[in-house]
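The primary structure of each chain is shown beneath.
4 protein chains.
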Amino acid sequence: MNDYMRDVQYYETDRMGIVHHSNYLRWFEEARTYYMAQMGYNYCDIEASGVMIPVIAVSAQYRSGAKYGDRVRIEVGITRLTPVKLSFCYTVYDSVTGEQRVSGASDHCFVDADFRPCSLKKKMPAFYSELEQRVNKA
Amino acid sequence: MNDYMRDVQYYETDRMGIVHHSNYLRWFEEARTYYMAQMGYNYCDIEASGVMIPVIAVSAQYRSGAKYGDRVRIEVGITRLTPVKLSFCYTVYDSVTGEQRVSGASDHCFVDADFRPCSLKKKMPAFYSELEQRVNKA
Amino acid sequence: MNDYMRDVQYYETDRMGIVHHSNYLRWFEEARTYYMAQMGYNYCDIEASGVMIPVIAVSAQYRSGAKYGDRVRIEVGITRLTPVKLSFCYTVYDSVTGEQRVSGASDHCFVDADFRPCSLKKKMPAFYSELEQRVNKA
Amino acid sequence: MNDYMRDVQYYETDRMGIVHHSNYLRWFEEARTYYMAQMGYNYCDIEASGVMIPVIAVSAQYRSGAKYGDRVRIEVGITRLTPVKLSFCYTVYDSVTGEQRVSGASDHCFVDADFRPCSLKKKMPAFYSELEQRVNKA
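Protein chains in written order, with the numbering used here: chain Z, 1 to 138; chain D, 1 to 138; chain G, 1 to 138; chain W, 1 to 138.
It is worth saying that the hints were derived from the structure and are not from the lab. Just so you know, nobody snuck in bad clues.
If you anchor each label on the Cβ, the simulated ranges turn out as follows:
hint, chain 1, residue 1, chain 2, residue 2, range
1, W, V135, G, K85, 49 to 57 Å
2, G, S129, D, G50, 54 to 62 Å
3, W, G69, D, P117, 22 to 30 Å
4, D, D7, G, E130, 19 to 27 Å
In silico SDA-like pairs for lysine to any residue, Cα to Cα no more than 20 Å straight-line:
hint, chain 1, residue 1, chain 2, residue 2
5, D, K121, D, Y41
6, D, K67, G, N42
7, G, K67, Z, A113
8, Z, K67, Z, R26
9, W, K67, Z, I53
10, D, K67, W, D114
11, Z, K67, W, Y34
Heads up, incomplete: computed chain D residues facing chain G, CB under 7 Å, no partners named:
hint, residue
12, Y10
13, R26
14, E30
15, C44
C-beta: ideal position from N, C-alpha, C; glycine also.
Work the whole structure out from these sequences, hints included.
Spelled out as structure tokens, the structure:
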């Protein structure tokens, strides 16, 4: 699995001169989407098939701020999977120096198109099985 | 009609120390929503009744940048209305000094829930009539 | 202290029809800014006096999604204060039904204009003292 | 010059199921940054050398909405250059079908670190000359 590479955009910085802390949650989303795409599962297709994977909790620790002009590398891992829940972890590094910027985690549940909890294991057994093999192997 | 008042938020500034230019389009949206709400039409209810009013064109001229700590006042006017189209204009002022920050305009069409063009005059005649009375009276 | 009231904006929703989870971190920022402003300390003035209070960690738990047309009420509390660190907690409720939407927390440090850690107790003793009186009284 | 390729992100969509119109201004920014980078000028370095190129006007026409799962291709051109001003035009296409999504334009001026207007021709003659050769050749 390749890490997710991302250039800092001007509109993502704030007047402190660094990326606004809320944007890392958006990068986490980009990074886990890329992760699943590399597994062969586009999140768009997953939703089209009737399963949504909303965020139910998120956390982030900010060590140092990414700046405009920086390129970051984001490592993604799966830390937990049950038929009804899924957790990811993320680490954001400067792509050049390797310095750690931010780490974080997100917890998700599986719901159907009517927002009712559902079992991914039943709904998408092949995808579930693929995820299972990746738990803690980031 | 009251003007729309808005505090600049930290996350809306960029590393230049001023509000990122893209955010004024969001403020225009807030301001026209507030304008319609004062007319007695919540945009949320309008959409619930089956009419959407998407933006089909937008423009903005930036004179001076709003800064964190500023409060802005946004004037809204209706410049044009036909059964199938609607245009707004906006002027953003510093609420204290009155200095002009940004002016802009947005053009909209009316579509139904399936994104097909529709006539607001037929779909919501009372709302249409109310809008008509406000053209060029901002 | 008044809670912070906030209308959901259209641009804050995503295609799931609810507020994108990253935006709650921005609302937390708005709410703590409002909280400090009620104490008589505008964050803009705090930065102007040479102290910045960056976020060093954040977490959020999402119970139910705020929708367009909703108005939310955000309670803020101070959970911890040391001369070099400050923590807030937040609870977002629907302003009409009282239903809980999201809860969260943020940890902050104090730094000077050169991003060097500093003691708020030394730099702004009156503000520090005011904060101290509010710990765990939200 | 290569066009700028961009995947639609989930957080960029709104409850209408399409990319919120304000985000195209951010994509324009990404695209013109990429355009200048291909010329050998990173915008970050330009600012570091004491020249900022703020947006003074912007416009966009929305033909059809990009959706989550789409990849867009953005063509950039330079439409006008004077020692003190610069204008870009943009066209956003679906990368697969070639369908046009949005077109737009942005006008910029050149200012120094103190936000005073300056001549790019004097400040950065080589960059100015490179830009000049690209006017209307997008």
